[in-house]
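Please build the complete structure, drawing on both the sequences and the hints.
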Amino acid sequence: MDKYFHSVTLDEGRCRGCTNCIKRCPTEAIRVRKSKARIINERCIDCGECIRICPYHAKKAISDPFESILSYKYRIAIPAPTLYGQFKSNYTRAHILSGLKGLGFNEVYEVARAAEIVSEATRRIIEEENFLRPLISSACPAVVRLIQVRFPNLIGNILKLESPMEVAAKIIKKEIINKNIAQPDDIGVFFITPCAAKVTSVKAPYEKARSAVDGVIAINDIFLKLTNAINSIKPDKSLEQAGFEGIRWASSGGESLALGSDKHLAVDGIHNVITILEEIEKDRLEDVDFVEALACVGGCLGGPLTVENAYVAKTRLKKHIDNAKKGHVAKHIPFDKYEEIIWTSDLKHRPIMKLDEDIAAAMRKLERMEKINMELPGLDCGACGAPSCRALAEDIVRGNADETDCIFKLRSKVRDLAMQMAELEAKMPPVMDRNMTNNEGDDRK
Amino acid sequence: MSDSIINLSYNIPANDFTFAGEASSNVKKMLSQLGINPMVIKRAAIAMYEAEINAVIHGGGGIADIQISPEKIFICIKDEGPGIPDVEVAMQEGYSTAPEYIREMGFGAGMGLPNIKRYADELQIDTEVGKGTTVKITININ
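Sequence lines, in order, name chains A and B.
When we follow my numbering, the leftmost residue of the first sequence carries the number 1, and every step to the right adds one.
When we follow my numbering, the leftmost residue of the second sequence carries the number 1, and every step to the right adds one.
It should be emphasised that the hints constitute simulated quantities derived from the structure, not laboratory data.
It is possible that part of the hints are untrue.
[Stated by the list, open to error] Restraint ranges, calculated between C-beta atoms of paired labels, are given here: (1) Asn7(B) - Arg14(A): 46 to 52 Å; (2) Asn228(A) - Ala109(B): 22 to 28 Å; (3) Gly94(B) - Lys413(A): 56 to 62 Å; (4) Gly94(B) - Glu127(A): 40 to 46 Å; (5) Gly130(B) - Tyr311(A): 56 to 62 Å; (6) Arg14(A) - Asn140(B): 48 to 54 Å; (7) Thr9(A) - Lys72(B): 50 to 56 Å; (8) Glu127(A) - Val129(B): 48 to 54 Å; (9) Glu104(B) - Glu127(A): 44 to 50 Å; (10) Arg38(A) - Lys131(B): 54 to 60 Å; (11) Glu104(B) - Arg14(A): 46 to 52 Å; (12) Gly378(A) - Ala109(B): 22 to 28 Å; (13) Lys72(B) - Ile342(A): 46 to 52 Å.
[What the hints assert, rightly or not] Looking from chain A toward chain B, a few residues come up when the C-beta cut is under 7 Å (computed): (14) Gln148; (15) Pro152; (16) Glu279; (17) Lys282; (18) Lys354; (19) Leu355; (20) Ala360; (21) Ala362.
Ideal Cβ placement from N, Cα and C applies to all residues, glycine included.
If you want it as structure tokens, here you go:
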């Protein structure tokens, strides 16, 4: 595995080298070089903002192709609750879940069900009062990675419980093995994902050594097939296991509401999330026990790999929430203790902004950077390939760019050069200089 | 070692909350580019932010001068406001002279100076009624 696995990648053929993505990226992780957007691996948090903003669809998420399920004898689908919001509301969850079975999965288990288990464990952690205030949800891996690179002081505030996706995979795998339905090696658990960040979570997890999920299929990859399957299958009501609390997780605020306390704050959209994390870092967020922060506007329903508009999906999801029986909500944890779903490894701060390992050298670079920045036009036009003038100044001191990458700087250099050329052109060799244009009276001695 | 000190200076506008906190957030960004320990950055950023807000609310604006060396961060926030009649009282948590409209914006909770004290390694407040206040904060890097 590479040092930095990323799901978000570039489709070179489609990229025109415009500046839309560089300006949108929350970690300034993209530069345009040779007419192509380049992602700086150590900075990317796989939030998917660039996928959403790219007008040419040149940014994509690497996920597993549907056919990859065929490499397992016993196939289990674990759909994110976001999936339910993608279909017209005359389809029930039973239709959608049965449709997945119709596509070739032997079993389905709702991630929404596991979300309820995570909610119950969270409630217990808050009851025990054994946490740094405010607790920050770890449901969105892009937000967790954002904290890792930009808010190291908040690493201790992260709720270190495995995600509903991991919990779902663990539970259903265990169940199938315990019931002797299939051998561990034959089981493939596939998450049906609304986002790229989850793909990265499976391929390169930060919370443990290895993910319990075997593959990740994008909602927009499976959608057409699934629509066809739904129309040709009889819905099995018994597949509906989750209660309304778990289904609500798909939407921003859902995880918070499940906690049953009003000391929570729900924020969505990565740039809004940054504002709130800054407030927390300044100790300015009072009376809040729990912060639910989701990178996509609208929460997971706004994920870059969904097919339906987030607001339309929200209305559709509401119907599923209303239909879900309240009695279904998991109030017990099917593990001995919730400790079983606590992270086994921890996040380490990745100081991506650091200019140099040596502080004195970093100071010299910072000073030079400030000086360069002052002389740049301050238009943040992006034509140099960096998201802002300040970022260009930073790239220059890091040795990754040149001052003349700025078209305004280049223009003024060309102008200086042109003036010099005009001046030179006006000079005459002395032997031809009858009118003494060079130096009046030429007093050279 | 004059080459290994970074000097920064910012104007703090009076009663302008659109700019409030901008100087401290700039300084915070620079400190993270220097690769300074995140906890130290947090302390410096909060202490400076509180002093900056005080200058905005009470001081009629002012000037922030910052010196960063490999050993410490020195922050000096100077205003020509009304001054503090009794520093000891002002240092008490919850003591505030901020008007109601400022409190409604979520500022002026009487935590400014106590927070600065909490996060600074050294704190010096020079103040004179009618003349102004200078808050000098030192944060050690190591």
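Structure-based check of each hint:
Asn7(B) and Arg14(A) have their C-beta atoms about 47 Å apart, which keeps the hinted 46 to 52 Å range intact. Taken as a hint, the range 22 to 28 Å is violated for the pair Asn228(A) and Ala109(B), whose Cβ atoms sit roughly 59 Å apart. Remark: the range hint 56 to 62 Å for Gly94(B) to Lys413(A) is upheld by a beta-carbon distance near 59 Å. Remark: the range hint 40 to 46 Å for Gly94(B) to Glu127(A) is contradicted by a beta-carbon distance near 29 Å.
A C-beta distance of roughly 57 Å is found between Gly130(B) and Tyr311(A), which places it inside the suggested range of 56 to 62 Å. Restraint check, Arg14(A) to Asn140(B): a C-beta distance of roughly 52 Å satisfies the suggested window 48 to 54 Å. Judged by the Cβ atoms, the range 50 to 56 Å given for Thr9(A) and Lys72(B) is violated: they are separated by roughly 44 Å. For the pair Glu127(A) and Val129(B), the supplied restraint of 48 to 54 Å holds, since their beta-carbon distance comes to about 50 Å.
Between Glu104(B) and Glu127(A) the beta carbons are some 34 Å apart, a value that contradicts the proposed interval 44 to 50 Å. Separated by about 55 Å at the C-beta atoms, Arg38(A) and Lys131(B) satisfy the suggested range of 54 to 60 Å. A C-beta distance of roughly 50 Å is found between Glu104(B) and Arg14(A), which places it inside the suggested range of 46 to 52 Å. For Gly378(A) and Ala109(B), the hinted distance range of 22 to 28 Å is not satisfied, since their beta carbons lie about 36 Å from each other.
Taking 46 to 52 Å as the suggested C-beta distance range, the pair Lys72(B) and Ile342(A) does not conform, at roughly 39 Å. For Gln148(A), the interface hint is violated, the least distance from its beta-carbon to any beta-carbon of chain B being 11 Å, above 7 Å. Residue-level restraint check for Pro152(A) holds (minimum Cβ-Cβ distance to chain B is 4 Å; threshold 7 Å). Of the supplied interface hints, the one on Glu279(A) is violated, with its beta-carbon coming no nearer than about 10 Å to a beta-carbon of chain B, more than 7 Å.
Interface restraint check for Lys282(A): the shortest CB-CB distance to chain B comes to about 6 Å, inside 7 Å, so the restraint holds. About 4 Å separates the beta-carbon of Lys354(A) from the nearest beta-carbon of chain B, less than 7 Å, and the hint is met. Because the closest C-beta pair between Leu355(A) and chain B is about 5 Å apart, less than 7 Å, the hint holds. The closest approach between the C-beta of Ala360(A) and any C-beta of chain B is roughly 5 Å, which is under the 7 Å cut-off, so the hint is satisfied.
With a cut of 7 Å, the hint placing Ala362(A) at the interface with chain B holds, because the nearest CB-to-CB distance is about 5 Å.
The earlier numbered hints that this structure contradicts are 2, 4, 7, 9, 12, 13, 14, 16.
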